[in-house]
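Single-letter residue listing:
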Amino acid sequence: MNKYTKSLKKTARGLKNILPMIIGVILLTGLIKQFITERFIQSFFTQITVLDSVIGSFSGSILAGNPVTSYILAGEMVKNGTGIIPATAFITAWVTVGIVQLPAEMEALGTRFAITRNILSFVSSIIIAIITGIILGGV
Amino acid sequence: MDRKWYFTFSVSVLYATIWFFSPENASGAFFNSLNIFRKVLPAFIGVGGLMFLLNLFIQRKDIKEKLSGREGSRAWLTAILSGIISSGPIYVWYPLLSQMKESGVSNSLISVFLYNRAVKLPLLPVLISYMGLRFTVVLTVLMVVFSVLQGMVFRLVPDLPEVSPGS
Chain A
61 MNKYTKSLKK TARGLKNILP MIIGVILLTG LIKQFITERF IQSFFTQITV LDSVIGSFSG
121 SILAGNPVTS YILAGEMVKN GTGIIPATAF ITAWVTVGIV QLPAEMEALG TRFAITRNIL
181 SFVSSIIIAI ITGIILGGV
Chain B
11 MDRKWYFTFS VSVLYATIWF FSPENASGAF FNSLNIFRKV LPAFIGVGGL MFLLNLFIQR
71 KDIKEKLSGR EGSRAWLTAI LSGIISSGPI YVWYPLLSQM KESGVSNSLI SVFLYNRAVK
131 LPLLPVLISY MGLRFTVVLT VLMVVFSVLQ GMVFRLVPDL PEVSPGS
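If you read the sequences in order, they're chains A and B.
For the first sequence, this note's numbering begins at 61 and goes up steadily by one.
For the second sequence, this note's numbering begins at 11 and goes up steadily by one.
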């Protein structure tokens with residue numbers, strides 16, 4: 061077997077292993093997009109900064125999709141008076157934590173790695189939000 | 011049924027249940043998924059191409075030597091920059107990362123790469139327009155800093171053993 065065939069076979073094997081998970085993640089993302097609207101997300105915020113930061117991180121973690129959507133929603137949150145810290149927590153968690161993708165990440169990179177990484181990212185989304193708030197004078 | 015299909019099967023059962031109660035929402039969700047799939051396909055093909063080149067030109071031992079064990083600032087910088095410039099949804103990168111992990115790339119570098127995927131260069135103008143330039147600069151810098159911190163935490167944690175997609 062020449063090196064091209066060998067490389068092609070190895071690539072195909074790698075993609076084939078993760079494909080079922082990716083199909084599942086895409087189907088679940090489609091479902092989330094169908095049911096979770098912008099208004100629905102906005103309804104969770106309480107105008108209490110600390111609580112909203114956790115809610116921001118939590119909702120950012122479970123939602124999936126294009127980061128632009130998180131920018132738009134965060135912009136609306138700030139306009140509606142939710143505050144810069146929850147909005148930052150929301151954006152940061154949206155792009156760094158992936159509950160929907162978690163099964164695929166666990167399959168590809170190992171359960172402990174995926175869970176540890178997502179927990180760390182969740183916690184850091186709150187810390188980043190607080191630091192951003194302090195720097196920008198949102199506290 | 012192969013274990014790999016359990017998750018997709020569960021989501022399909024969810025679709026079937028929703029279809030039973032609300033066919034229009036189930037079909038709406040399915041069309042959303044088709045749209046996502048269409049958008050993701052080029053990135054998936056791109057990652058496949060990268061994997062092919064990686065398998066063709068770089069031997070496992072080369073990756074292991076360059077990106078593991080003696081990983082220096084160059085390896086970390088590579089992980090940061092490649093995370094920032096990589097595009098497409100995170101899950102299309104899993105096969106490549108899984109392969110790199112099998113080749114000996116450390117959890118710290120993989121976590122740094124994954125974290126820096128949060129910095130979306132082409133989308134920065136959009137973020138600026140919604141949240142302002144100052145916010146965008148502060149958030150971007152903090153994300154890069156925290157990616158390194160997360161990598162360092164992974165360095166402290168004893169190597170997490172499982173890799174094995176398909177095992």
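Hint data in this document are derived by calculation from the structure and do not stem from the laboratory.
The structure presented is a predicted model; accordingly, all values stated were derived computationally and were not measured.
A couple of the hints might just be wrong.
So the derived label-pair ranges between C-beta atoms look like this [to be verified]:
1) I122/A to R13/B: 40 to 48 Å
2) E98/A to W29/B: 37 to 45 Å
3) R144/B to T171/A: 34 to 42 Å
4) Y64/A to W29/B: 41 to 49 Å
5) I175/A to F41/B: 28 to 36 Å
6) P52/B to E136/A: 13 to 21 Å
7) S22/B to I122/A: 19 to 27 Å
8) S22/B to T171/A: 18 to 26 Å
9) F104/A to S83/B: 15 to 23 Å
10) V183/A to E34/B: 33 to 41 Å
11) M61/A to N45/B: 25 to 33 Å
12) N140/A to S83/B: 12 to 20 Å
13) E34/B to L79/A: 25 to 33 Å
14) I175/A to S22/B: 19 to 27 Å
Taking beta-carbon pairs under 7 Å as the criterion, some of the chain B residues facing chain A (in silico) [unchecked claim]:
15) W29
16) N42
17) F62
18) I100
19) Q109
20) Y140
Virtual Cβ for every residue (Gly too), placed ideally from N, Cα, C.
Fill in: Those earlier numbered hints the structure runs against, lowest number first
1, 2, 6, 9, 11, 12, 15
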